[in-house]
Amino acid sequence: MNPTRRSFLTRSGLGFGGLALGTMLARDGFGLESSWRPPTGLPHFPARAKSVIWIFLRGGLSHMESFDPKPALTQYAGKTFAETPFKGIDDAERRKRVRVVVVNDANGQQRNKVYPLQVGFAPGGKSGIEVSDWFPHLRASVDDLAIVRSMWTTDDNHGAQIQFHSGRHMLDVQEPTIGAWVNYGLGSLNENLPQFINMGPRFFDKRDGRYLGPAYDAVPLVIDPREPLAYARPEGDISSAEQQMQFDLVGKLNRLKATQYPGDQALDARIKSYELAYRMQMAVPEAVNTESETEETKKLYGLDQAGTKPFGTQLLAARRFVERGVRFIQIQHGDGAAGSWDAHSSLKANHSTLSAQVDKPTAGLLHDLKRRGLLDETIVVFATEFGRTPGSQGSDGRDHHPYGFSVWLAGGGIKGGIVHGATDELGFHAVEDAHYVTDIHATLLHQLGLKGRKLEVPDRKRLDLDYGEVIKGVLV
Amino acid sequence: MKFIALIALAGLVLPASAAGKVDYLRDVKPILAARCYSCHGALKQESKLRLDTAESIRKGGKHGPAIIAGKPAPSLLVKKVSAHSLDERMPPEGEPLHAPQIATLREWISAGAPAPKDERPESDPREHWAFKPPVKAVVPEARAIGEGAVGKQPKAARTTTSVRASLITNLSPLDAFLEAQRRTQNLNAQPPAEPSLWLRRVTLDLTGLPPTREELAAFERDLSVSRSPIPAPASGVDEQVRKREGESRVRAAVVERLLASPHYGERWGRHFMDIWRYSDWWGLGAQLRYSQKHIWHWRDWIVESLNADKGYDRMIIEQIAGDELAPTDPATLRATGFMARNYYLFNRTTWMDDVVEHTSKAFLGLTMNCAKCHDHKYDPLTTTDYYAMRAIFEPYHARLDELPGTADLEKDGLPRAFDLHLDRPTYIHVKGDEKKPDTNRVIAAAIPASLAFKPLVIAPVPLPAPAHNPALQPWVLTNHLLAAEEQITVARQSVETAQKKLTEVERASGARTPTSAAPKPDAGVRASAVAPAAAPPAPAATTTAEQARGALKAAEFTLAAAQLRPAMVSAVWNADASRAAHSRSNSNLLAAAATAEAKFKLAQAQAELAKAELELIAPATEAKKKKEPDAEKKLKTAQEVLAKAQKAISAAGTNYTSLRATLKAFEGPDESEAHRQLPYPTTSTGRRLALAQWLADRQNPLTARVLVNHVWTRHFSQPLVANVTDFGRRAAKPVHAELLDWLAVDFMEHGWSLKHLHRRIVLSEAYRMASTYGSVSVRASERPDSKSLSLSHSLTLSPAHTTDPENKFYWRMNSQRMDANVLRDSLLHLAGTLDPKLGGPTIDAKREDSLRRSFYFTQSPEDLNKFLEMFDNANTKECYRRDESILPQQALALANSKLVSTAAAKVAERLVKDSESASDEAFIRTTFTTLLATTPTPAEKKLCADSLAQFLAAAQERKSAQPEAKARAALVHALLNHNDFITIR
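If you're matching them up, the sequences are chains A and B in order. Plus 19 on top of the position in the first sequence (first one is 1) and you've got the working numbering. Plus 1 on top of the position in the second sequence (first one is 1) and you've got the working numbering.
Extracted from the complex, chain A is given alone in its bound form:
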């Protein structure tokens, strides 16, 4: 990664360090487009939401067995697609969008024998939207959700995880992730905490900021009550006043050095990292200390049960971060390089176990945000890189499926209790109001009061596809 990042940094002359340099250059009459100004940190128009909690299930959640029930699968189980009344659903044009990363990759091939639903469904809430029995708590909260059943993407392997965050296929030039854009576009609501936090496992590229610079990368946190933040407290004999003086001195010395080395992005990023570090050392342990929460709240997130505790703890921490003004909290669920939701076999055992880990805590989070009045200004996103094939893989699994899958959004000016878009009868293609992943990005930015196009930086032309389109149908 190193070489690319480095060259991006230096070439763009942007990022945190670049900003300082950019203004300096402008003053000295050098290069850069004179009309361009870095973001002020204020929304471009009145915002409906302040923060985002981004839940991402790594590996690929089956849409048919979660939020997009397809009884036809059970009805025609074991038949080939051609033997069902829906043989015409396959759409070569849509299929062509997929770009294979690994040539001859066995992943994501068509599995043409219909595999029956592995779980039952029931309607929930007043809206009566059907949600699978693996998500009973979310079913009870369905009136808060806007389920988008018509997502599609173009990578049929797990590079789709990066794609869902950055909007670009992994074979493309990489763009900053949605979290980095929010971090870049919006000012801080709390100087003491990172504005962009990642929790949970990440195996692919971890450099969210890309050409915006390392200052816009997510700060990874491990929510470990024994050590909420490594080296959070001075281990030597030093008072807090002395420590503050030290940080202060370091900052001033580095700024003096920056006058000798204008254009040194690493130095500028380090200055910022020290400023944040100093404030973080108190604020992070306080923010992640869930001990002060009531027993009732802890139970709400499933902290009293081993299965739900790890994820619940992260979500509870996320709520506490939101309360404290963190803009973007991204939580990855599912360990392993591919992500544990990747149920090529034993889908039933896999999904029933994993859904039990996330269902209750996620519903708990929604409930908790709501009763604290935070849901209005916080958007919760529940996403995954792709769905799973309607046909079977092996005897009891489903393969990767980029042609149609589901995500949901809640809070922050998003309608509750609605379904937007649809896949065909077999859950194969997104056929109604289909949305590429950047439409989710566009929707978030819109609710946060940002115009994606206004954030574009010189020499970094973005494509229309990168901006996506706001999913108007889910907005209040």
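Keep in mind that the hints were calculated from the coordinates and are not lab data. The beta-carbon is built from N, C-alpha and C at its ideal position, and this holds for glycine as well. It is possible that part of the hints are untrue.
Label-pair restraints from in silico Cβ distances [to be verified]:
hint : chain 1 : residue 1 : chain 2 : residue 2 : range
1    : B       : Lys22     : A       : Glu112    : 26 to 36 Å
2    : A       : Trp55     : B       : Ala733    : 24 to 34 Å
3    : B       : Phe454    : A       : Gly413    : 44 to 54 Å
4    : B       : Glu863    : A       : Pro329    : 16 to 26 Å
5    : A       : Arg479    : B       : Pro101    : 15 to 25 Å
We have chain A already, so just place chain B on it with the hints.
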């Protein structure tokens, strides 16, 4: 991942019609190049079709012309790319061509498929720059460049150029190549960095430790001596030239000192450990799954080899085939840790894949791994080539051999490679699926045909006996006798303890005359072992006299057996040696060994029986009892064993158990111990040796280039060939190809000496440049009248900053962040607490108080040092370059860890002790020069003085002992957090 960018770009091509008439070169060719050439170009000609010139497109292949000019619809090319069926469609892999691309092709054909006449076909892949041996280009002459460029340059630049041209007549070849390139871009090199910054740079770079205060002072002193005027230059030598030469000598002396330091081998050893994927063993609990125990012997070999400046060619050969090169020499065998490290318990194919991938990447800069499932898309590497390379490694396995010192392989041993399965066939796995081997064809060991500048010459290597039977190594007898003596000592202590216990028990129970429990080991008669029925049940935790006597007896028998072991070891050793040395071994020796073993076994059986008897009368704790078989049963077994042993002694024959002195790594989780004990082959296939010699051949076009690029990358923090592991056809000829080639040839001409290469680089002008982006010099800020805070007004960024922001042309030095190891080691070194001990077993990664250099910590995916991990420590699975992240957590580690605060206090203590003046001002200056190798500006001085006063007040306020020392330590601590401490400028 980046490699497929071509395809991505092709996807973004706008429909040509939008831009007007379709142009073949601009619009058509790029589409074909991106999507078709890999099968219909120079690399391959599927269906005898080439699409890399308009002419060959018209000509077509097996199925006729690919196009009919003027008629797109019936043209085969159009039909194929727009076919719906996947069986028909071209390209068969990946996404189909986009509609605008197809439209472009159609439009071009409609227009009659016009193309330039002189179009050249895609060049032969073998013509790729990196596949041809490097040659030394003529070194550009500095003066000529200067003069030649003058005419083209603007007036202002001209003056500078001519002045500089006169100064650079003596440029090193390295600098001459770089300067020639800079001139083409009208770029001026930055002036040299402050000498002290250069010293810090080169010292950290070559040893991984910062210069000491004394070294900094000595360097300044030597420089000023070299610059001082001498009376009346006798020969009229130009004063400036003389000064330059004097200064060069001083710098060269520094570099010699650093290269001679054992720390050089540690620093660069760590770099090579990154590239060569050093990892200590790991697994699940005690089960070894990856790498090998005691693999640190390989690390020590790396460090020692570098310090001895062993040729890189030789290093390659020893690492890949040390066992075939010097089969009985442990010092060389250590090198094969490179092979042993790839050991993987569960899946041989995964293991082989790792070896093929990383041997190719590390030494050849080839992404051989891309050819595992299909022929390489860009390089002339076929799937057969992939498996032919695997075949080279197919026979090899890993094992541990005894080393002088101990017979216990858990304590120490030599992890090494050896050929175990000489005839195991290699098959192609269809589409990379190991469950589908194509058993119709055995793939022979070979190197890729496209790189066969000379064929692989494979000759089996007959192994001397101690190579396949390490028990014959001279130290093995010593090891085992030592172990036997240790057992005697232990057994003797047990006897003494048992005797004491018996005395105590008897005294307590009313002093009965002890019946001698002394055994007569040779008697072979055993006493009845019936427990006295009348014996009262022993109260818990007390011992009866009966039991104590039993224990003594067992101990005495055990001692007796132990005392027979040395004789057996010697006899066996002699017999083994005789068998190895003569085709007809001395049967007397064999019989002696067999008898000695029989005697020992008898004594052992007696001891076991005594123990079984004891267990009957002195049962172990309840819990233990449940788990163990019934004591009666045990007793019976012991009696049977004894009976057998007694019989054996009268007919010992000539069969005995040889010494082993080696332990083969498990070939999978289910392998039995007995299978592990089978003898090793007496020859090695010689395949690895042949590969290694081919890699280290002067004619190999890649090996030296790849190495030079790696070394360059670490000195300049930027490679000459962007992807250090891919010199294939995706690597365009680099801007500095001539420089790279010159260095590669020069490197080989100088015995593949790394130290020679380092000298070439670190003594260059390029390496001396400042890392600034503009012409703000530190000197300017030192002017007493300068208000340094207003510096920003006077700074002028170099125009190079906009024309070459990536520094492709090396107009300035790149600064780099200290890597994790350098950072921690530097802290300890400055604190004066670094333990300079070289080599040896690893240190527990959790030992934060260790004072050894960081790379001695155990490191594997399971063993990570917390502090080092914060700073992008090497990933043991693959680390061709380290990452350089900047995170707030790193700031916390530097500000809050005990490691840094302890170091700060020690550094401050040393600086106070060492500095002549105890004044704050002197302290600040010394601290700056020692930690950052630069003098503080007035603003920095003032800031530090103010802070020092604040720190002092704070320390006094909280009534610290020695507030002055505390305050100074606090200042040092802050400077250790300074950007320019962790940065190598």
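How the hints compare with the structure:
{"no.": "1", "hint": "Lys22(B) x Glu112(A): 26 to 36 Å", "result": "28 Å, holds"}
{"no.": "2", "hint": "Trp55(A) x Ala733(B): 24 to 34 Å", "result": "31 Å, holds"}
{"no.": "3", "hint": "Phe454(B) x Gly413(A): 44 to 54 Å", "result": "47 Å, holds"}
{"no.": "4", "hint": "Glu863(B) x Pro329(A): 16 to 26 Å", "result": "20 Å, holds"}
{"no.": "5", "hint": "Arg479(A) x Pro101(B): 15 to 25 Å", "result": "24 Å, holds"}
No hint from the list above goes unmet by this structure.
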